[in-house]
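Top line first, the protein sequences correspond to chains A and B.
So for the first sequence, the numbering used here puts the first residue at 275; every next one is plus one.
So for the second sequence, the numbering used here puts the first residue at 10; every next one is plus one.
The hints are simulated quantities; they were obtained by calculation from the structure and are not laboratory data.
No experiment lies behind these values; they were computed from the predicted model shown.
Among these hints, one or two may not hold up.
[Stated by the list, open to error] A partial selection of chain B residues facing chain A, derived with a Cβ cut-off under 8 Å:
(1) E44
(2) R73
(3) A103
[Said to hold, decoys possible] Calculated from the model, a selection of chain B residues having no Cβ within reach of chain A, i.e. all distances over 10 Å:
(4) D17
(5) E21
(6) D48
(7) A52
(8) L59
(9) G62
(10) Y75
(11) N80
(12) V89
(13) A96
[As the list claims (entries may be wrong)] List of simulated lysine-lysine pairs, PhoX-like, C-alpha gap at most 20 Å:
(14) K441/A x K384/A
(15) K98/B x K294/A
(16) K488/A x K441/A
(17) K111/B x K311/A
Think of the CB as a built atom: it goes at the ideal place given N, C-alpha and C, for glycine as much as any other residue.
One-letter residues, chain by chain:
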Amino acid sequence: MESEVFSANSGAMVVAHELKAPLSLMRQLALSLEFEKDLTGVREVGQQIVATSERAIRQVNDLTKIARLDDALFEMEPVNPRVICDEVTAELWRLFEFNRRELRIDYRNKRRLAVANPQLLHSVVYNFCLNAMNYGGEELPSEVSVYDRGSKIRIEVRDYGPAIPTKIWREIKSGFVKQPVATPMRPGSSGLGLYIASRFANYMRSDFGLIRHKDGTSFYIDLPISGQLSFL
Amino acid sequence: MIFVIEDDRGWESYYRRILGDSAEYFHDGVAAIAEMDFDEPPALVILDVLLTGPTGFAVLNEMRSYPELMNVPVAIVSSVNLADDIAEKYGVVAVFDKGSMKPAELLEVIERYA
């Protein structure tokens with residue numbers, strides 16, 4: 275019975291399956307436009323199509339970036355984690371809204387600048403947030419927090435969802451997710467987002483990990499503090 | 010009442026748009042079965058396959074183990090490529106691929122059973 279679903283559990287299959295989800299949703303939404311009775315409904319469906327397509331495009335872009343990591347095209351520079359988190363939350367708020375989810379922000383860091391590649395860090399935080407949106411329980415928020423932790427600045431995204439499978443937990447504890455893993459426990463993103471985040475964190479020589487709570491999971495990235503002053 | 014068992018938030022949002030309050034929405038099969046009234050079972054269950062917790066097929070088998078739920082019509086809507094004989098094998102009224110399903114096809118099933 276289970277084999278009918280999971281017989282082809284390769285990384286490529288998982289990626290294909292995950293990318294099919296937003297594509298098929300966009301198609302369905304577009305087809306459903308003819309049933310909308312008024313302009314407001316049409317606009318709402320249009321906005322949902324845009325939000326869903328942006329998510330899919332970003333995932334494809336991230337996968338493309340992974341293929342280019344070996345060329346070392348992504349330079350490290352001082353970045354303000356709050357600015358990155360603001361960009362990500364601004365990009366995702368509509369998708370969260372369509373999915374009846376809330377995204378909260380909590381900035382507590384005193385040190386302002388970290389060393390990272392802004393594009394890759396943006397993707398890491400984006401995928402953490404998307405992961406939290408998919409796994410968060412009904413009526414429960416996802417939380418993005420930034421705080422100092424010794425000589426590092428931590429960006430952490432917490433969800434209130436089901437426990438993460440041990441297989442993925444072990445891979446993340448080791449600091450590297452080898453390939454996206456399909457899991458019936460947390461199928462919303464099937465590990466693709468965590469795989470992307472892991473690869474980018476590893477490239478930036480940042481610590482990537484998770485904290486298991488009894489009512490959810492926090493994923494984090496620890497970034498080295500930049501010596502450069504921030505006037506932001 | 011229609012039961013929608015779907016854990017993808019985007020798809021849930023889509024179902025809410027077309028079904029509104031005529032359906033109850035669940036992200037996993039365990040919660041859905043726990044809410045099923047044996048005296049007044051759902052008129053139709055729209056079931057995804059890759060779910061949080063047990064798969065759609067496990068949910069289906071669990072439902073079939075109760076005499077009161079045995080004959081509840083179930084429509085599978087999934088992005089998993091399933092074998093052609095899956096409807097017959099599992100005794101479901103329809104199997105839709107999310108990538109090729111047309112809204113009218115689903116609405117037809119809903120009108121017929123709910």
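Hint check, failures only: Structure breaks hints 1, 2, 3, 4, 5, 8, 9, 12, 14, 15.
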